[in-house]
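Student: Each chain is listed here by its residues.
Protein chains: 2
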Amino acid sequence: MRGVLAATLEVLAEVGYEALRIEDVAARAGVNKTTVYRRWPTKQELVRAAFRSITVDRAITPNTGSLRGDLLVIARHMAAQASSPELQGLRRLLFAEDRDAELVAIAQSIHESMEALPRPVIEAAEARGELAPGIDATLIFRCMAATIHHRLGMERRPIDEGFLTQLVELLLTGGLAQDKRT
Amino acid sequence: MRGVLAATLEVLAEVGYEALRIEDVAARAGVNKTTVYRRWPTKQELVRAAFRSITVDRAITPNTGSLRGDLLVIARHMAAQASSPELQGLRRLLFAEDRDAELVAIAQSIHESMEALPRPVIEAAEARGELAPGIDATLIFRCMAATIHHRLGMERRPIDEGFLTQLVELLLTGGLAQDKRT
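Line by line, the protein sequences give chains A and B.
In case it helps, the numbering used here puts the first sequence at residues 2 to 183.
In case it helps, the numbering used here puts the second sequence at residues 2 to 183.
To be clear, the hints were calculated from the coordinates, so they are not data collected in a lab.
One or more of the hints may lead you astray.
Any copy, or any two copies together, can satisfy a pair, since identical chains are not distinguished.
Listed below are the simulated SDA-like cross-link pairs for lysine to any residue, each with C-alpha atoms no more than 25 Å apart in a straight line [claimed, not checked]: (1) Lys-44 - Asp-101; (2) Lys-181 - Val-57; (3) Lys-44 - Arg-158; (4) Lys-44 - Glu-156; (5) Lys-181 - Arg-158.
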């Protein structure tokens, strides 16, 4: 069924969410429309599955033995993913139709799934005693994702290994001098 | 001339960058088109000025006496600004026409100006010895802006004081436990 989801992303990029019709997706994928309806009964479910296929389903869960190592692997993966044409198309769509309630609900549900992804990495870091007390560790990952997406999507600047290392270091150790911490 | 820039943002929101004509902006603002051309000879200059009027020109430079205090004031201001309809419209436009080279160049130049803004805050923090050695302090501000914009624009979640405090704390002191820092 990868063909149907890829076709969904193509049609979305061309006509947007509101105008997307399951018939057109089926035609593009070369399958019968009942085949699509059987698996994804509504447009919303179809589009959510298509979004998941290029976000949640592509996520990785590294296990390098340290939080720093895991963050760097995830940061590199995020940067590579975020510059893919599919992700650029997704960003474009979400902003172009940012007042469509159904599309907003899909985006929110994808973000909730994304947020659960680093849990094994966070648990491993906790088990190693690596996390500062009282920290919301998911914020580290959200901050990292936001900064990478913002740099590519808004600032329009390339991302290199030096940038990713600096970013991970800031999130791990902070910008404040040691003797100014209370 | 505020009226002309406000009219520019309105017309942009309606027709986008490519289709915007200075004549239409002048008509909307109720001024002669030569009045507009005299001050902003090209569409690119007019649109850049309109973007600046709701970004760079609205920025604040706090001086609370501590980096933590300054960051919190800026974070609150960013969050309030980022949820304004004008900024939402700007985000929508930048993503909708993200392959227009002229518009991308405008966005990049605005981001460069934005990046210079925290310089007084950074210099004050340096003078107080508050910055960790080797840190690129502008990254703290870029990370903060990205996370706030991402939360509002992509995750579609509200921002409260608790979130801003957590974010500032993470950027200042990092997520790694003290005894794991080498």
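Student: None of the hints should be skipped; say for each whether it holds.
Tutor: Structure-based check of all given hints:
1. With identical chains, the CA atoms of Lys-44 and Asp-101 are at most 25 Å apart within one copy only, with a shortest distance of 13 Å there and 30 Å across copies.
2. Taking CA atoms no more than 25 Å apart as the test, Lys-181 paired with Val-57 passes in neither setting, with 39 Å inside one copy and 30 Å between copies.
3. Taking the closest pair of Cα atoms, Lys-44 and Arg-158 come within 25 Å of each other only across two copies (24 Å); inside a single copy the shortest separation is 35 Å, beyond that limit.
4. In the homo-oligomer, the alpha carbons of Lys-44 and Glu-156 lie at most 25 Å apart only across protomers (21 Å), although the nearest pairing inside one protomer, at 33 Å, exceeds that limit.
5. In this homomeric assembly, Lys-181 and Arg-158 never come within 25 Å of each other (Cα to Cα): the closest approach is 33 Å inside a single copy and 32 Å across copies.
Checked against the numbered hints above, the structure breaks hints 2, 5 and satisfies the rest.
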